[in-house]
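K.L.:
Starting from the structure of chain G, add chain P where the hints point.
2 protein chains.
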Amino acid sequence: MSLVVQKFGGSSVANAERVMNVAKIVTNTYKNGNSVVVVVSAQGDTTDDLIEKAREINPDASKREMDMLLASGEQISIALLAMAIEKLGYPVISLLGWQAGFLTSSSYSSARIKRVNAERIRKELDKNNIVVVAGFQGINRYDDVTTLGRGGSDTSAVAIAAAMKADLCQIFTDVEGVYTADPRKVPKATKLKEISYDEMLELATLGAQVLNNRSVEMAKKYNIELEVLSSMTNKPGTIVKEVANMEKMLISGVAKDENVARISVIGVPDIPGLAFKLFSKLSAKNINVDIILQSIGRDGTKDITFTVAKEKGKEALTTLESFKSTIGASDILYDDKVAKISIVGAGMESHAGVASSMFEALYEAHINIQMISTSEIKVSVLINLDDADRAVSAIHDKLF
Amino acid sequence: MSLVVQKFGGSSVANAERVMNVAKIVTNTYKNGNSVVVVVSAQGDTTDDLIEKAREINPDASKREMDMLLASGEQISIALLAMAIEKLGYPVISLLGWQAGFLTSSSYSSARIKRVNAERIRKELDKNNIVVVAGFQGINRYDDVTTLGRGGSDTSAVAIAAAMKADLCQIFTDVEGVYTADPRKVPKATKLKEISYDEMLELATLGAQVLNNRSVEMAKKYNIELEVLSSMTNKPGTIVKEVANMEKMLISGVAKDENVARISVIGVPDIPGLAFKLFSKLSAKNINVDIILQSIGRDGTKDITFTVAKEKGKEALTTLESFKSTIGASDILYDDKVAKISIVGAGMESHAGVASSMFEALYEAHINIQMISTSEIKVSVLINLDDADRAVSAIHDKLF
Chain G
1 MSLVVQKFGG SSVANAERVM NVAKIVTNTY KNGNSVVVVV SAQGDTTDDL
51 IEKAREINPD ASKREMDMLL ASGEQISIAL LAMAIEKLGY PVISLLGWQA
101 GFLTSSSYSS ARIKRVNAER IRKELDKNNI VVVAGFQGIN RYDDVTTLGR
151 GGSDTSAVAI AAAMKADLCQ IFTDVEGVYT ADPRKVPKAT KLKEISYDEM
201 LELATLGAQV LNNRSVEMAK KYNIELEVLS SMTNKPGTIV KEVANMEKML
251 ISGVAKDENV ARISVIGVPD IPGLAFKLFS KLSAKNINVD IILQSIGRDG
301 TKDITFTVAK EKGKEALTTL ESFKSTIGAS DILYDDKVAK ISIVGAGMES
351 HAGVASSMFE ALYEAHINIQ MISTSEIKVS VLINLDDADR AVSAIHDKLF
Chain P
1 MSLVVQKFGG SSVANAERVM NVAKIVTNTY KNGNSVVVVV SAQGDTTDDL
51 IEKAREINPD ASKREMDMLL ASGEQISIAL LAMAIEKLGY PVISLLGWQA
101 GFLTSSSYSS ARIKRVNAER IRKELDKNNI VVVAGFQGIN RYDDVTTLGR
151 GGSDTSAVAI AAAMKADLCQ IFTDVEGVYT ADPRKVPKAT KLKEISYDEM
201 LELATLGAQV LNNRSVEMAK KYNIELEVLS SMTNKPGTIV KEVANMEKML
251 ISGVAKDENV ARISVIGVPD IPGLAFKLFS KLSAKNINVD IILQSIGRDG
301 TKDITFTVAK EKGKEALTTL ESFKSTIGAS DILYDDKVAK ISIVGAGMES
351 HAGVASSMFE ALYEAHINIQ MISTSEIKVS VLINLDDADR AVSAIHDKLF
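Chains as they are written, first to last, in my numbering: chain G, 1 to 400; chain P, 1 to 400.
Accuracy of the hints is not assured; some may be wrong.
Subject to a maximum C-alpha distance of 30 angstroms in a straight line, what follows is the list of computed DSBU-like cross-link-like pairs (lysine-lysine) [unchecked claim]:
no.	chain 1	residue 1	chain 2	residue 2
1	G	Lys-87	G	Lys-123
2	G	Lys-241	G	Lys-324
3	P	Lys-314	G	Lys-87
4	G	Lys-87	P	Lys-302
Using C-beta positions, here's what the derived DEER-type ranges look like [claimed, not checked]:
no.	chain 1	residue 1	chain 2	residue 2	range
5	G	Ser-322	P	Thr-233	49 to 57 angstroms
6	G	Asp-167	P	Lys-165	53 to 61 angstroms
7	G	Arg-141	P	Asp-48	52 to 60 angstroms
8	P	Asp-49	G	Ile-266	51 to 59 angstroms
9	G	Asp-49	P	Asp-143	53 to 61 angstroms
10	G	Arg-150	P	Lys-310	47 to 55 angstroms
11	P	Asp-143	G	Lys-185	44 to 52 angstroms
12	P	Arg-55	G	Lys-24	51 to 59 angstroms
Honestly, the hints are just simulated from the structure, not real lab data. Each residue gets a CB set at the ideal place from its N, CA and C atoms; glycine is no exception.
Chain G extracted, bound-state conformation:
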């Protein structure tokens, strides 16, 4: 008998029919002799509706009260799913975050899981209950309700799997698994059978939003085998684990990230310590920098170009504008009509040709590369936003 943790996102439980569908998946797993813990998010648009209710009353509501409000969303979905499972005739019990033992940090709206005290879950499994747990939420040391932030339910599921040493953690979404590219944009994209944690992390960071990043990090840390699969179709998904059998595939996927803005600081003096000065001002404002490109000094000056998340773009720009004379820049340029296209793959390291194939594909498609960044298992390029989808297709066609 195996212990399986199954997580269903908001769209999987959006209405009565889908809740019944999830109940069928869960009870089938139970019927096959497994112990089952189910983690669910709030139904469909519930969270957005609650945020709207709050905005009407107080757009600057405290995060503590926002968490109190939002946590009601999962409370509704766990109760409804438990009722659906009761309807199918199986023993079930729903548990809120605090009942399931989720102890978190105190940072409301983006709390970190500190510990899962799984005693209650274990007790309910011993009674042969299917256990339905509210994802996304916990309590802090003051006994106050906290939420884990967007995508937190994935993390809840992996945390339970880790605490209980589950045999498998299945993440059900509205896609059938992890693809070599976005299947809605690239018709030839194929589903991967397996992918390693590291590759999945790079893909998640790069905007392929199949799995929440924190959940993959946690799965890697505790070596929890994940499966990403669809709640709508009855097909095997993609397994995420330590060493994936990539079937000699060089790259696991092509990802697109449109949440990027590019900033160029032009004509700064070519003296030591300048990059430090510049980026420390940004980090003081909690602005993370991604790709950095520095030109070779000429005439005693150089240009520094880097990317930030689009929503931080304007803030980064104003911050630097105010230091323009201090750092001695002649100009600061800003562009948020850009996209980052990346290829990811553990096999890349030993195959120098992969990056050049990528550049070749872009060249053939007449797409200009603004910046390049590489890591051991990743190559990213910054290009024009308008070229993004075309670039993904071209690269995918060339490499697969």
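P.N.:
Chain P alone, transformed into the frame defined by chain G:
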């Protein structure tokens, strides 16, 4: 500095505007130097909407999961009210039933409050916070969420007032207080300044649904002064306390209860123990009997007539039908087109004329009396349902 508990029902917090209105009432009380604990119900139709969601999935859902579902309603309203109070610039914190220390029995959907461990509330008041508590809910000894049943938020408020020895417990509703009759039906009805617990209890039982009965019983037990008032108008309401100054008024009100069915068991043998046999069969089915009338034995037989709540009527009838031969009845009659009209008043006891004035009013209005029942502070009559509103007006006109 006084400690005031204020309770607001679902219609008082039905939308953003009304939530802001409640926030103003609460913060005004706080501004005047009081410590304030606020108890709120779920917004407007939330509870009914949640019940509908459950029905769609499983009409026979367990009570435990129904309680889990319904408790989310107050969670939403406490968070929104806290946000509204934040908006007005006052320190506030919202607490769920379990956080506020509500320990209840385990009977889901109709749990009884066992104890309020008010430590957390006290701590928050010491920090000068306005404390907003979710009514209607608590947890049982298994740490599972329970609800107190309809009208439970009144009871929550009184329980907090009792646990904290509050100086006043204000119950805000959509009426301005307790009236001598339903003001929507009887234009001449007047608002009472004061009423005693016992009179209020009789009125509540009799269908004047201003206050939940359990809350009045608890207020009487712990001698908590209640005030019933409207959240929409800024007027003093009705005070409910041990000894009310009735300003020489004989009766405090005329109440109508349409939730009644009458059952007559005809021609049973006139022997001892028969009433016991009959009513023990009903109590075994948890059916409460209200007015009982037994005819004087004639020809060795007698008739027993009694009333039950309308929703229990058919069940009572079938129960008795199955025992018809055992108890030797010749016939069983059933009528649920009846209403109970009652006058209540502590002054009644010493004024024999009150009851006869009531009968006179009905006689003049050509309304036939089917049954009569009296207690120290109450006279009830059972009449035709069609005559009910006319009867209330006639009695009110005669007595006030």
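K.L.:
Sort out whether Lys-123 (chain G) lies within 30 angstroms of Lys-87 (chain G), counting only the CA atoms.
P.N.:
holds (23 angstroms)
K.L.:
Taking 52 to 60 angstroms as the stated bounds, is the beta-carbon spacing between Arg-141 (chain G) and Asp-48 (chain P) within them?
P.N.:
violated (37 angstroms)
K.L.:
Honestly, do Asp-49 (chain P) and Ile-266 (chain G) meet the 51 to 59 angstroms range at C-beta?
P.N.:
Holds - the Cβ-Cβ distance for Asp-49 (chain P) and Ile-266 (chain G), about 58 angstroms, lies within 51 to 59 angstroms.
K.L.:
Taking 44 to 52 angstroms as the hint, is the beta-carbon distance of Asp-143 (chain P) and Lys-185 (chain G) inside that range?
P.N.:
Check passed, 48 angstroms falls within 44 to 52 angstroms.
K.L.:
Assess, step by step, whether the Cα of Lys-314 (chain P) is no farther than 30 angstroms from the Cα of Lys-87 (chain G), and give holds or violated.
P.N.:
holds (28 angstroms)
K.L.:
Sort out whether Lys-302 (chain P) lies within 30 angstroms of Lys-87 (chain G), counting only the CA atoms.
P.N.:
violated (49 angstroms)
K.L.:
Are Ser-322 (chain G) and Thr-233 (chain P) spaced within 49 to 57 angstroms by their CB atoms?
P.N.:
Between Ser-322 (chain G) and Thr-233 (chain P), where Cβ atoms are some 54 angstroms apart, the hint holds.
K.L.:
If I claimed the Cβ atoms of Arg-150 (chain G) and Lys-310 (chain P) lie 47 to 55 angstroms apart, would that claim hold in this structure?
P.N.:
holds (50 angstroms)
K.L.:
Below or equal to 30 angstroms on CA atoms is what counts here, so check Lys-241 (chain G) against Lys-324 (chain G).
P.N.:
Given pair Lys-241 (chain G), Lys-324 (chain G) is violated - Cα atoms ~47 angstroms apart, limit 30 angstroms.
K.L.:
Between Asp-49 (chain G) and Asp-143 (chain P), is the Cβ distance one that fits in 53 to 61 angstroms?
P.N.:
Taking Cβ atoms as reference, Asp-49 (chain G) and Asp-143 (chain P) lie about 29 angstroms apart, which means the hint is violated.
K.L.:
Honestly, do Asp-167 (chain G) and Lys-165 (chain P) meet the 53 to 61 angstroms range at C-beta?
P.N.:
Holds, at about 55 angstroms.
K.L.:
Does 51 to 59 angstroms hold as the CB distance between Arg-55 (chain P) and Lys-24 (chain G), or does it fail?
P.N.:
violated (19 angstroms)
Violated hints, in rising order: 2, 4, 7, 9, 12; the structure is consistent with all others.
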